[in-house]
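> Chains as they are written, first to last, in the numbering used here: chain A, 86 to 205; chain B, 86 to 205.
Be a bit skeptical, because a hint or two may be false.
Identical chains share a label here; the pair holds if one copy fits it or two copies do between them.
Claimed, not checked - Below 30 Å or equal to it, Euclidean Cα-Cα: the simulated DSSO-like pairs (lysine-lysine) are:
{"hint": "1", "residue 1": "K172", "residue 2": "K190"}
{"hint": "2", "residue 1": "K172", "residue 2": "K104"}
{"hint": "3", "residue 1": "K192", "residue 2": "K104"}
{"hint": "4", "residue 1": "K126", "residue 2": "K153"}
Calculated directly from the structure, the hints in this document are not laboratory data. Computed from a predicted model, the values in this text were never measured in an experiment.
Protein chains: 2
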Amino acid sequence: MPEKSSYALDGIDRLIHEKARLSILSSLAAHPAGLVFTDLKDLCRLTDGNLSRHLTILQEARLISIHKSFQNNRPQTIARLSPLGQKRFTEYLTELEQIVSSALKSKRHPAPTPVRPKPA
Amino acid sequence: MPEKSSYALDGIDRLIHEKARLSILSSLAAHPAGLVFTDLKDLCRLTDGNLSRHLTILQEARLISIHKSFQNNRPQTIARLSPLGQKRFTEYLTELEQIVSSALKSKRHPAPTPVRPKPA
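With the rest of the complex left out, here is chain A (with noise of 0.2 Å):
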């Protein structure tokens, strides 16, 4: 093995990798007071089943709140982003951080070619 890997991305969490739910955690994280269905379904450009089966994914996680509610006598689903969603979204921010400048790094200066041990 040529050096020790950073390449494996141990610490990229799929449940927040995944593009659809990246795209509905980075929404909530910028609107802290949570958002309306329909607005984050436009935000994200989901459709309702998308949007609901991700929402029901980072629910499941803890990663965000759902709320029910009535406005003008018409139901209303509120998501939020919860304390552990925050706490994760910004632990994936850094590691994407990093894997962004490691990678722009290696392309000014490439890693050697593995020389690999001839067999006996």
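With the hints as your guide, set chain B onto chain A.
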């Protein structure tokens, strides 16, 4: 809709975003001369089957090239990032950089809660 959406992450290419493939492409970007299958497997901490599967996907998308040769009478598979792969990976990193920087910025300066018009 509260504001024009940058949350939909349109620039994020799912082909590259998938965690195992991101790991493979990061490894190859850091080793421009290419990597032998077993080294790549160790670096990315993937199983043989998983690595093969993702290499095929990346090769079909022309992001990498696969070279088969013999070393000491043993078959050797070497993967290399193609020029297209380099271009697309750099574009992906630029997108990722923007997501991280705007997410960290919006943590400091949250967007206002959208005001929904009352139904007539």
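> Is it within, between, both or neither when you check K192 against K104 at 30 Å Cα-Cα?
both (25 Å within a copy, 20 Å between copies)
> Give the relationship of K172 and K190 under a CA distance limit of 30 Å: within one copy only, between copies only, both, or neither.
both (27 Å within a copy, 16 Å between copies)
> Should K126 paired with K153 be assigned to within, between, both, or neither, using CA atoms and 30 Å as the limit?
The answer is within: 16 Å in one copy meets 30 Å, while 47 Å across copies does not.
> Given a CA cutoff of 30 Å, do K172 and K104 count as a within-copy pair, a between-copy pair, both, or neither?
Both: 19 Å inside a copy, 21 Å across copies.
Taken one by one, the earlier hints all hold for this structure without exception.
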